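Quick mapping for you: the protein sequence lines, in order, are chains S and B.
Note that the first sequence covers residues 1 to 107 in my numbering.
Note that the second sequence covers residues 1001 to 1288 in my numbering.
In silico lysine-lysine, DSSO-like type, Cα no more than 27 Å apart, as pairs:
#1 K98(S) / K45(S)
#2 K1127(B) / K102(S)
#3 K66(S) / K34(S)
#4 K1151(B) / K1076(B)
#5 K1049(B) / K102(S)
#6 K1049(B) / K1168(B)
#7 K88(S) / K34(S)
#8 K1168(B) / K1090(B)
#9 K45(S) / K88(S)
#10 K98(S) / K88(S)
#11 K1044(B) / K102(S)
#12 K102(S) / K1173(B)
#13 K1127(B) / K98(S)
#14 K65(S) / K45(S)
#15 K1168(B) / K1095(B)
Calculated directly from the structure, the hints in this document are not laboratory data.
Please read all numbers here as calculations on a predicted model, not as lab measurements.
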Amino acid sequence: MSKSMRIFTLALASVLLIAGAASVPAASSEADFKAAYAAAEAANKEAGSLRNQWTVTAAALAAAKKAADAGDFDQAVAQSKEAEALAKASIYQATSEKELWKTLEIR
Amino acid sequence: MHVRSAIHFALAALALAALPFLAAPSAVADDTSDPVADARAFQKYFTEKFPKLKLEDFVNGPYSMNEDMHRQWEEKEQFPPYEFSVEMGKEMFAKPFKNGKSYADCFPNGGVGIRQNYPYFDDKEGKVITLELALNRCREANDEAPFSYVKDEMAALTAYMAFTSRGKPFDIKIPNDPRALQAYQNGKRYFYTRRGQLNFSCATCHVQSPGERIRAEVLAPALGLMNAMPIYRSEWSGMGTTSRRFTTCNSQIRGVPLDPQADEYRDLEYYLSYVSNGLPISGPGARP
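I would like the entire structure built from these sequences, with the hints used as guidance.
Here it is, written out as structure tokens:
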């Protein structure tokens, strides 16, 4: 392989590598956002019934809505998923603390 | 012989497998439901943690925790920042409602020197009644609009009522009523339950870490915390009620606060006040 051929192959491989790395999943749609947001809201509502909502969940939900209003559904879906994860963590906390609080009690 | 070994092995394996289940109840012990024993253990914990402090000094919160802070407090008390609030509360208390009645008509002893008896358990309603709640109910019973639980008017009224009760020991009663004991238990559970994204309970700061710093703040001990309410906080540049303290504690640990005077907060105040029985009312207080 000539020197120029080798350089060309290397350049081609680099371009392909960069293109591969930069490739992203298909853009999220409004329907994706609506589904993700509904799931997050449902989880947060459950946390509310346990009297244990987190402020950061509300902030992530608000950020999701703001991104959706701006037409950025990738960001809106990402924030909704973040909100759902936070809400689920708050549910886990409330459920486990039903017994665990006793370990902190002064006796 | 082989059979016996196999049986021994199986029994050992079973015993090992059962260990976590056997250990679980002792790790999370059953709750005692004994307020008298609770209060004794609570006060013993703090007096042993801070052996140099007299019991009555705990009502001074972070100012009781070290000498420098105690000096700051003594200087602050020369011109106390809550003085304006006490004056405002005194005027408000004396001013009749539109119907001619006043706050004094709603409370025993004309509302003077009674702070140490709040909150109390109301057997008719089956719930805890805090002083803030009683004040707003008094207003509503006399066709006046209720005050915000977290703002200056409520702080002023409770500041004045606390001021007239200074030195009187907390005397919270738990009547012989299962609902009262349940309210106390609920308050205790709330106090120790971790919440918010930071996974803090009230006890994380005020039992495990009093005297330690959280950023620039020195954390107050839970013992005597309610005796100083309401408080002037330099951080707030103003007065704050018990409701304000509870709701901001919740939001600081990234939990969504409940409504002021929600049942949980009323029960929490009941528990926290009960375990400080015997310590003098020092409110209104001043805090960094």
